[in-house]
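A.B. asks: Protein chains in written order, with my numbering: chain P, 1 to 121; chain X, 1 to 121.
Treat the hints with caution; some may be incorrect.
What the hints assert, rightly or not - Derived pair list, reagent style DSSO-like, types lysine-lysine, alpha-carbon separation capped at 30 Å:
id : chain 1 : residue 1 : chain 2 : residue 2
1  : P       : Lys39     : P       : Lys115
2  : P       : Lys60     : X       : Lys39
3  : P       : Lys60     : P       : Lys39
4  : X       : Lys39     : P       : Lys39
5  : P       : Lys84     : P       : Lys105
6  : X       : Lys39     : P       : Lys84
7  : X       : Lys115    : P       : Lys39
8  : X       : Lys60     : P       : Lys60
9  : P       : Lys84     : X       : Lys115
Treat the hints as calculated values from the structure; they're not laboratory data. Because the structure is a prediction, the values reported are computed rather than measured.
There are 2 protein chains.
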Amino acid sequence: MPTATGHTDAIRASRVIGTDVYNTAGEHIGEIQDVMLEKTSNGIMFAVVGFGGFLGIGEKYHAIPWASLDYDMQKGGYVVPYSKEELRAAPFYSINELTEDDGMKARNASYEYYKADPYWQ
Amino acid sequence: MPTATGHTDAIRASRVIGTDVYNTAGEHIGEIQDVMLEKTSNGIMFAVVGFGGFLGIGEKYHAIPWASLDYDMQKGGYVVPYSKEELRAAPFYSINELTEDDGMKARNASYEYYKADPYWQ
């Protein structure tokens with residue numbers, strides 16, 4: 001079903017990657033670099049949001065719960081309900097750390113930090 | 001947990017896209033073009049596997065149930081348990097048709113055809 005913003009439910013991963021991310025204050029906080037998927041089950045673990053580094057060197061990533069991303073047609077990007085201060089203090093990871101421990105480490109710490117409902121329970 | 005093939009559970013969508021797909025007879029049947037995600041829930045709908053067309057013109061796609069893709073380290077690609085004949089007779093779609101009706105049309109017909117367990121039930 002289309003959501004209130006007219007966005008439909010099915011979206012291709014390639015269209016998500018590269019989309020800008022804003023917070024509710026309208027501040028640009030980064031860009032979706034990737035989407036982490038579970039191979040042996042059917043869940044979307046989190047969106048990988050980059051927020052710094054230079055040409056990918058030393059870049060750090062947030063593991064943002066998928067359900068917390070709300071597409072805003074006007075902005076042409078996703079909005080997350082976190083302040084800049086909350087994001088600054090949030091868990092962050094290198095690209096390799098994101099898949100460590102099958103992604104559980106980054107996923108569990110992030111869902112706890114953002115107080116997101118664990119989809120796997 | 002790593003699977004029998006040593007593959008771990010967390011995989012980035014960008015690494016899935018572009019991966020070759022084979023059937024159990026070892027025949028190359030196509031390439032993963034994209035992964036269809038549910039925006040308002042947390043499910044991976046299906047892998048979008050291209051199998052023809054010329055430079056993307058008139059290309060048709062299969063909606064392959066995510067759980068039916070098994071990564072084969074030696075092949076460096078995914079293996080699906082379908083014969084070439086089964087795939088030839090399978091539902092196929094243009095890229096736009098894949099997202100029609102929020103992806104439900106392609107998803108439901110394909111899961112039924114491939115006799116895959118519906119993850120959404």
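A.B. asks: Now tell me if each hint is right for this structure.
C.D. replies: Status of each hint after checking the structure:
1. With a CA separation close to 24 Å, the supplied pair Lys39(P) and Lys115(P) stays within the 30 Å bound.
2. Under the criterion of a C-alpha separation no larger than 30 Å, the hint pairing Lys60(P) with Lys39(X) is consistent with the structure, at around 25 Å.
3. Proposed proximity of Lys60(P) and Lys39(P) is supported: the alpha carbons are some 24 Å apart, at most 30 Å.
4. With a C-alpha separation of about 18 Å, the suggested pair Lys39(X) and Lys39(P) falls inside the 30 Å cut-off, and the hint holds.
5. Straight-line distance between C-alpha atoms of Lys84(P) and Lys105(P) comes to about 23 Å, which keeps the hinted pair within the 30 Å bound.
6. As the CA atoms of Lys39(X) and Lys84(P) are separated by approximately 24 Å, the hinted pair is consistent with the 30 Å bound.
7. Of the pairs offered as hints, the one joining Lys115(X) and Lys39(P) holds, with about 19 Å between alpha carbons and a cut-off of 30 Å not exceeded.
8. About 38 Å separates the Cα atoms of Lys60(X) and Lys60(P), which puts this hinted pair outside 30 Å; it is violated.
9. Annotation: proposed proximity of Lys84(P) to Lys115(X) is violated, straight-line Cα distance about 47 Å (limit 30 Å).
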